[in-house]
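K.L.:
Residue numbers (the working numbering), protein chains in the order written: chain A, 1 to 266; chain B, 1001 to 1266; chain C, 2001 to 2266; chain D, 3001 to 3266.
If you're looking for bench data, these hints aren't it; they were derived computationally from the structure.
No residue lacks a Cβ here, since even glycine has one placed at the ideal position from N, Cα and C.
One side of the interface only, derived from the structure: several residues of chain B facing chain A at Cβ under 8 Å: (1) Ile1131; (2) Leu1134; (3) Thr1204; (4) Val1205; (5) Gly1206; (6) Gly1208; (7) Thr1236; (8) Leu1239; (9) Phe1243.
4 protein chains.
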Amino acid sequence: MLALRKSLYRILETSAGKRRGISLIFNLILIGIITLNAIAIVLHTVPEYNLRFARLFYDFEVFSVGFFTIEYLLRLWVCVENEKYHHPFWGRLRYMFSTSAIIDFLAIFPFYFSLFATDLAIVRILRLFRIFRLFRISRYSHAFRLIQSVVSDKKEELVLSTILVVFMLIIVSSIMYYVEHNAQPDKFSSIPATMWWGVTAMTTVGYGDIHPITPLGKFLGGIAAIVGIGLFALPTGILVSGFNEHIRVHKGGHSRQRCPHCGKEI
Amino acid sequence: MLALRKSLYRILETSAGKRRGISLIFNLILIGIITLNAIAIVLHTVPEYNLRFARLFYDFEVFSVGFFTIEYLLRLWVCVENEKYHHPFWGRLRYMFSTSAIIDFLAIFPFYFSLFATDLAIVRILRLFRIFRLFRISRYSHAFRLIQSVVSDKKEELVLSTILVVFMLIIVSSIMYYVEHNAQPDKFSSIPATMWWGVTAMTTVGYGDIHPITPLGKFLGGIAAIVGIGLFALPTGILVSGFNEHIRVHKGGHSRQRCPHCGKEI
Amino acid sequence: MLALRKSLYRILETSAGKRRGISLIFNLILIGIITLNAIAIVLHTVPEYNLRFARLFYDFEVFSVGFFTIEYLLRLWVCVENEKYHHPFWGRLRYMFSTSAIIDFLAIFPFYFSLFATDLAIVRILRLFRIFRLFRISRYSHAFRLIQSVVSDKKEELVLSTILVVFMLIIVSSIMYYVEHNAQPDKFSSIPATMWWGVTAMTTVGYGDIHPITPLGKFLGGIAAIVGIGLFALPTGILVSGFNEHIRVHKGGHSRQRCPHCGKEI
Amino acid sequence: MLALRKSLYRILETSAGKRRGISLIFNLILIGIITLNAIAIVLHTVPEYNLRFARLFYDFEVFSVGFFTIEYLLRLWVCVENEKYHHPFWGRLRYMFSTSAIIDFLAIFPFYFSLFATDLAIVRILRLFRIFRLFRISRYSHAFRLIQSVVSDKKEELVLSTILVVFMLIIVSSIMYYVEHNAQPDKFSSIPATMWWGVTAMTTVGYGDIHPITPLGKFLGGIAAIVGIGLFALPTGILVSGFNEHIRVHKGGHSRQRCPHCGKEI
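Please build the complete structure, drawing on both the sequences and the hints.
P.N.:
Pasting the structure below:
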């Protein structure tokens, strides 16, 4: 029994170096099921497909939840193999409150809950929780570990630039509200409403549903666009440069440059 | 009395190294009040909240102004502890005209003025001055000192690129005005009106309220978009790269460079 | 006959170092015909020009196809001069399935097919294939070889960031669908429909045909804009930095670095 | 007379090192007049100002043209002081066809021509030529010399990326035309018309006057947005990085870093 638990742990555990054999196959199946879940969640909302493939969607839903539930219980059983969750009871409890276990739980729990829910509004909200099944893939994808480490590397800069963005948004929207409110009382109805304009203007999305029409408003909007875009581009710029740096360092580890003449590292 | 002034100066003064004890608590309270003021200013303009919480908004307003007024007067009293404002009278006068003291003053003055103002239009404008309370936070936030030093580092480049942006805007808008004016005399009514198009097009906001419709106008608009975006992105690019450089230098403290000649750290 | 094949191979083959004499002239003629084809394809769809120059368009079409067909057959004849396609039959067959030969084939084949097609719908689709004539220029232009090598250098990063973009798009669109569906059932009709909003919002295009109108939708849309733009800018940032790096390395040939240990050029 | 010509040459000539005394004053006056011309050109098109200040605008126009004409003639007289235009007749003729002399000429010529023009359409077009007066400032501004050298440094990259942009635009617009033409025959009426969509989509301006509505069109439009934006951002990225590099090199010349311990350059 303990030997089974140990080998099962090795199959389920993904962070343990290179995956091979059964572990690789299991993980590929899991990624496949998650991807199919993503497709099902997206297509499920198209009325046409929902009507035609209702049975298929439901069966796949039941199968997915069943698969994920068994997997969740197995993970809970074997997690004590990990030193961090060594204790049979407290270790498993602590594992249940780890980020990935919570995501795993939120991916299945709403299904069981909705079986007993009578209120349709709650069922609707529970359906939204299925999105957590997509987040499960973050455990397997290199891309998510990469973006995670970039975000944690640049945490300080991202927080600083977010503060600047929020501050800029409040200032610009407050001024624009006082300038445009009289001309367009229905659109620039309050500062929070004007902040929607601020976001769409300074991220350069510009849907066109709300924009200044007075000459002063246009003048301030123009200046805000040029200045604000610079600040709103900061998080993006930090993320892109962090991504580039990370890749360079990551790649640099494999191929440190050497002088072709004397052979020393440069 | 002088001892009290000295210790009060240490509590109020934020730039003096690490804050501890009462100074830290006082500053956290101040940041809290400023943040609440930001929320109040924003929510105050939502008619629903304004009606329901009118009393609360007013009380908080009176409390904030009272708090800020006492703080302002105390700062004026203790500022002579600073060598820069040593003289009891001239020092305090010079302090009153320092940037941060002006911001502090503008954050409270309009309230008192509005008590005596009878003209509603003036009261409206005075309300806008409450935004200066938000600027007060710039004294406490690392993010603002950072952006300030980036802007002052890159002052020259930002001025140069702003000149290019303004020049580009006038040229492109003048040409577009002559091309589109006959087809859309109401929208491209004058060069200043066309400059609104120019800003929305070259910052890529594109609200859609004004755009060329003639084939020649679209052709020029397309070229202007590709060329102009490059110039309009210059200030943003300068700001982002300045921000990245600054962070790198700032962090560089941990892993210092060594001189290749003498081997000592630089 | 073999000597003719050899010299013809040298004329047609573009990758063989510097082009001179007849080879240069032939290639310039080919680039000219491809450019004229691009102009013809574009102007052909303008009803006005199509009516007036119908004869000219048709004649140029016949001439182009004739020229390209002869060129294709000649290339097929001489390709055995290349070591890779040495065998008279299997070599030629393998050449026919090389990327550039397939593009060459797709540029002429639809014309012949459309002569026998009676169904207008098929003729329309075949017309679209003429775009492959434009792709033929990729063989001659330095710009395309450059972008190709940048894409292949940064393949891994581009794949990673594309996964992030797709994941982000599904997550954001799923949430927005549940938030906005009730308020705008015709626009946010399904998650795939909402993904159109997601793409236009997070690429900052923002046509304005679809955007959130509920306060919660606007709030989430604002956050999604700021966060999502960062992720959607990753592929662009990678491409731009890859392009810059490539140019720097390419130009680096002029001003080579020296090893700090032995002083020789690297 | 020759001595006068020589000193006049020194006053007018701006590229000759540092300007001082009369030369500085003259150049500041010229920049002032050009700036006032920019303001006049812009405000002239606002009907309100045009009516009220018609006399002022006309007088300033006559004064500017007079000033610029005298300046042009003086420049023509003294240009022979420059070695490049040494010959009294052929030198002056060659000077007249230098870029800056042509700009100077185009800034004044249309005024004289319009005095004799009877056709209003021609007068309108001639008015557009006044924009050349703005270009005159490029001779005096550091910003324009900077952007000029960045563009000439990065000429090759800018040409390459422009080719990619044009190619991408034709391909994407051709495909989109065949996909959307049947659904929106009035908007996607031809490939040139679709190219307007292509430019607004891939520069992320997105006015919203034209966008795909079919599912396939939206799908292709989404992919085109993500891929195309990367290519359309290349010229912008090149310009921004070129600008940054140029500034760094330019600044680097003044302040080469030195080791604070041994004093050697690093």
